[in-house]
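Colleague: Spelled out, the chains give:
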Amino acid sequence: MFPIRDLARSILCAVCLLASSASFAADTTFGVSPEKEKALIAILRSDAPAAEKALACKQLAVDGSSASVADLGKLLPNIQLSSWARIALEAIPGSESVDELRRACASLSGKLLVGTLNSIGVRRDAASIEILTKYLQDKDPEVASAAAVALGRIGTQAAAKPLRQSLSSAQGAVRSSVAEGCILCAERLHADGKSAEAAELYDAVRTSEVPKQRVLEATRGAILARQQAGLKLLGEILQSSDKKLFQLALTVSREFPGTEIDTLLAAELNRANAEKAALIVCAMADRPKTVIVSAVLKAAEQGPPTVRLAAITALGRVGDASCLSVLLATAIEPDTSLSQAAKGTLADLSGEKVNAQIVSLLPQAKAGAYPLLIEIIGQRRIEATPALLKALKHSEKAVRSAALVALGETVTLKDLPVLISQVVSPTDTSNPEETLVAHGALKAASVRMPDREACAALLAQAVEKTSSIPTKVTLLEILGAVGGTKALATIGLAAKTAEPKLQDTSTRLLGEWMTQDAAPVLLDLAHSTDLAQYQVRALRGYIRIARQFVLPEAERNEMCRKAFEASRQPAEKKMVLEVLKRYPSSESLALSIAAMKIPELKEDATAATLAIAQKLDGKGLDLKALLATAGLDHVKLEIVKAEYGAGATQKDVTSILQKQAGNLPLITFASASYNTNFGGDPIPGSVKQLKIVYRINGKTGEASFAEDATIVLPMPK
Amino acid sequence: MRHNKTNVPRRQFLKTALAVGSAAAIAPTIIPSSALGLDGAIAPSERIVVGGIGIGNRGTYDLGCFLEQKDVQFIAVCDIKEAKRIAIKKIADEKYGNGNCATYRDFRELLDRPDIDAVLIATGPNWHATAAMAAAKAGKDMYCEKPVTKNIDQSLILAETMRRTGRVFQAGTQRRNLPHFAFACELARTGKLGKLQKVFAHPAGMQAMMSGWLVPQDEPNKESVDWDMYLGPAAWRPFNAKQLDGFNFEKGGGMVGGGVLEWGSHCVDLCQWAVGDCPPPVEYNPPKDGQLVARYENGTELIFRETGWIPLGSCPVRFEGESGWVEAGDSGKIVLSSPGLLAGRTVAEIDGYPATYHVRDFLDCVKTRSLTKGNAEAACNAHIACHAANIALFLGRQVKYDNKTNMFLNDEPANRLRSEALREPWRL
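Protein sequence lines correspond, in order, to chains V and C.
Under our numbering, residues 353 to 1069 are what the first sequence spells out, in order.
Under our numbering, residues 496 to 923 are what the second sequence spells out, in order.
Be careful, since some hints might not be right.
What the hints assert, rightly or not - In silico SDA-like pairs for lysine to any residue, Cα to Cα no more than 20 Å straight-line:
| # | chain 1 | residue 1 | chain 2 | residue 2 |
| --- | --- | --- | --- | --- |
| 1 | V | Lys595 | C | Asp612 |
| 2 | V | Lys766 | C | Leu837 |
| 3 | V | Lys595 | C | Trp804 |
| 4 | V | Lys695 | C | Thr841 |
| 5 | C | Lys737 | V | Ala1000 |
| 6 | V | Lys564 | C | Arg603 |
| 7 | V | Lys933 | C | Pro834 |
| 8 | V | Lys933 | C | Leu837 |
| 9 | V | Lys971 | C | Lys828 |
| 10 | V | Lys463 | C | Trp731 |
| 11 | C | Lys828 | V | Lys641 |
| 12 | C | Lys737 | V | Lys641 |
| 13 | V | Lys564 | C | Asp612 |
| 14 | V | Lys595 | C | Lys737 |
| 15 | V | Lys933 | C | Asp772 |
| 16 | V | Lys766 | C | Ser833 |
| 17 | V | Lys564 | C | Gly785 |
| 18 | C | Lys899 | V | Ala1000 |
| 19 | C | Lys828 | V | Gln868 |
| 20 | V | Lys641 | C | Asp772 |
Think of the hints as simulated: they come from the structure by calculation, not from any bench.
Given the structure is predicted, the values throughout are model-derived calculations rather than measurements.
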């Protein structure tokens, strides 16, 4: 993905309508300027190229009134411009535009007639029912189908009548469209409170010989339009052996109002086969406010494994404390898919009593239940530190590991040293797995400590005390994740040690630091480190902060200046130029101009200077003078070709630009308006572009400019 | 563009997703894979048979996510470009070791196949809504790339059509199935940040655009490139190869498409999730000092801004409440006003915004008929917010939107920009 701004410039947009476009900003109330509309109508009446007429139509969607309608109507039989004309006719309010659409139908056929009927449908024009009824019988199935859907869009009882009558007589694809029209009418009638009429229409469709999808839509409508009385039909399709109907029942179950549906689903859960029951459980859980939890719990406890699995998972969303014992028992079952699902649900189960019950079970828990409860205490983040500390001394590895993880998820700052000591002085050094668990637990605990600085102080103390380099590295990594002032200082100090592993870890962490206070630490390192790889890493981290963070302009420019000074090779200096380009200011321009004096940067710095100059236009700077100080007044500029306009309408402005071309890659005029400078507007009402083919010092380049933009020509590559 | 395939076990991710989802008012149940028959060999009758419509660069990535799934059988591809049809058929045939992937130039023929359950729609944005509506009416479920719609009316009709037809719809807003974004949205939605005051989205370009009418070139043979089908619902114009980039062609359709929509359909969508997928803002102001401010009915501000972000990768979002804030981006990381907001939870970091989980969510919902994370209603609201912002941009002034009537208040110019006629014979 890349910014639209670049896309617009680079590829497609023949027309760019800038947000600040003054021509549109002025119209705060409609009423359209008659002059603008008149000019657009004149284009439609002229022998202008089709492209101009197309864009005029598009503009009339915004600026047109009934005055434009007749001229737009004349384009409806035009294969190229018909759809452009309908863009305006659909948008222009008032009866005139839809009258025009209707009038045009008599002279149209095939796709053009279809399009016009579609537009009538979009306008939902009740006065068109008669003509649409006529076209409903058209021998062209596309036309008859368009008429059917347009009637459906109108959606009144009057529109429904011809559709209803055609439901059995229409053939093939037309019948499907007639059914679609009926359903659209029924939807509208139902929304308007005419549910009985809607239900009748839905029934007519679902009992007709129409494609299966239409039957499904009508069945859904027939159930919902009947409200609670629709439950009977819903029950029937819930028991259907037809997969599509059963799927529809699942969908409608989720949107059906009231609580009787929950009773129906619970009953059906008992009756259905395993495959269906698993899906019914899902539907039940998607009704969290009214679901019958006991039915889901029963399905979780016994029955086919697939249904149990679905029910256990569903309890994670709809279960409560009443489900605890079943879930705990399931969580230590040998079937791993069931036990894992139960553990997941135990972690998510809601209800105030759940936590207290879990803690109360801990003292008498035996065998597998003990580590399970500890695990759940951690996952639910229940405060039970004394019990967990006790478990840390357990003889079984599984219990100790569970306790470590749980402490990582629950411990407070006061007990954080317990976890630090597990990392610094592990109980069992022969067990690397447990060591890793301890690292993870300390990190999990540290990053969530509300008092970040106090946490970092404890970790920093441990870094200082331990002599083990791997342990120091681990603690530094955790400090990096914690962040803050103390962490930054500790890592900065470690980066300056002579130990390569500490240097490597610390410079990497500093390079990714998430706050700008790392900048002075990184710059200091960039100056003081002898090893090239860490010098570059530190400097790039420093430049990253200048590039990515929100900083005062002066501070950013000062950072760029310092980064230039600290850079030992061109690659980093070029990165600084990118920052300068990204944040243009008079200071960044001065820095960029200064960089042009460095031979290996000359080309990049020149491009940056021109780019900054272009962005600074209109900000009160004497660009010409500034660029002249950069030696940019010595270029040989030739304008090869220049065109100004939109779409296919382009005005040759080569000679005008050639007259203005000097020895700068910049062309200025007395007026800021291209139209003034180029002898008038070549295509009023359209947003235009200036395209220039040029040569600078013999190298050919091409550039495009939005209307009235400053013309700074990029140096050709 | 990174689309890393990640190795987070499905169960582990679903657990995170469930933990996050549990706070939502109505969140879909994610059924365990074994309950859906995914643990062992998949019986042919249990496979989801998928076809692809318009499979270009993005679509090929999406298709890879589908092909990773054991319960997917991809059997047909439609594209207006012969080269794409051949390329995608090759991928599918190599995957299955056969030559069965059928190719079509006209997607209606693909939709007519009764054996296809679901389609992946990854055409250019010009076609998304029209193709999605056709697919729904043909009884197919669909995963549809974003931006899903070209204007406000299309957004509303899309949501209404998916409801009416009972189809499962997943917009290509895959960040809804990534744990760090989900967590950030949950914090905002569940009041952990205090009363929500501002949600920020990164539009990456605030300008409106249209594709215009370029100088005619010789139209290729239909078999090679079907220009008429490529234009589809877009107004007619002569062939010009420069417009064959579906990613950009008629993205916004009307006078006001473009900028805000491309990234907004992701980051505004996340903001919408953060505010509980409520109806879109009711007031939109033109940009000032690089920010476009919209306002929800309850006063919360939706702010589009280009700069001022913590460097967390592309598509950053930020949610600010009375007592805290959170910011997240495509790096997979989140930054919190206080570590205490984690409340002991560990949020998985997945960078590169992979779509694998989003595709899995879609496939699960095809089976369960539950709502996807990127369902049509949610996508509709997010897209309306983007379209309305575009209209404020285009008009250069404030517009007010009424969510009850789905019209701009006393504002004919803005209301004229709510929709655009489709070229014949296409309709929604």
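Colleague: Indicate, hint by hint, whether the structure satisfies it.
Modeller: Verification of the hints:
1. Distance check on the hinted pair: V/Lys595 and C/Asp612 sit about 12 Å apart at the alpha-carbon level, within 20 Å; holds.
2. Of the supplied pair hints, the one linking V/Lys766 and C/Leu837 holds, its CA atoms being roughly 18 Å apart against a limit of 20 Å.
3. For the hint pairing V/Lys595 with C/Trp804, the CA-to-CA distance comes to about 49 Å; that exceeds 20 Å, so the pair is violated.
4. For a cut-off of 20 Å, the pair hint linking V/Lys695 to C/Thr841 stands: about 17 Å separates their Cα positions.
5. Between C/Lys737 and V/Ala1000, the direct Cα distance comes to roughly 14 Å. Compliance with the 20 Å bound is thereby established for this hinted pair.
6. Simply put, V/Lys564 and C/Arg603 have alpha-carbon atoms about 17 Å apart, close enough for the 20 Å limit, and the pair holds.
7. Proximity of V/Lys933 to C/Pro834 is assessed by CA-CA distance (about 36 Å); at most 20 Å being required, the pair is judged violated.
8. Between V/Lys933 and C/Leu837, the direct Cα distance comes to roughly 38 Å. Violation of the 20 Å bound is thereby established for this hinted pair.
9. Between V/Lys971 and C/Lys828 the alpha-carbon distance is near 38 Å, which puts this suggested pair outside the 20 Å criterion.
10. Of the pairs offered as hints, the one joining V/Lys463 and C/Trp731 holds, with about 13 Å between alpha carbons and a cut-off of 20 Å not exceeded.
11. The straight-line distance between the Cα atoms of C/Lys828 and V/Lys641 is roughly 34 Å, outside the 20 Å bound, and the hint therefore fails.
12. Pair hint C/Lys737 plus V/Lys641 does not hold up; C-alpha atoms about 54 Å apart against a cutoff of 20 Å.
13. Taken as a hint, the V/Lys564 and C/Asp612 pair is honoured in the structure, with Cα atoms around 13 Å apart against an allowance of 20 Å.
14. Among the hinted pairs, V/Lys595 with C/Lys737 is inconsistent with the structure: their alpha-carbon atoms are about 46 Å apart, more than 20 Å.
15. For the proposed pair V/Lys933 and C/Asp772, the alpha carbon gap of about 39 Å is over 20 Å, so the pair is violated.
16. At roughly 18 Å between alpha-carbon atoms, V/Lys766 and C/Ser833 fall within 20 Å of each other, so this suggested pair holds.
17. Under the criterion of a C-alpha separation no larger than 20 Å, the hint pairing V/Lys564 with C/Gly785 is inconsistent with the structure, at around 52 Å.
18. The straight-line distance between the Cα atoms of C/Lys899 and V/Ala1000 is roughly 43 Å, outside the 20 Å bound, and the hint therefore fails.
19. As the CA atoms of C/Lys828 and V/Gln868 are separated by approximately 17 Å, the hinted pair is consistent with the 20 Å bound.
20. At most 20 Å may separate the alpha-carbon atoms for a hinted pair to count; V/Lys641 and C/Asp772 meet this at roughly 18 Å.
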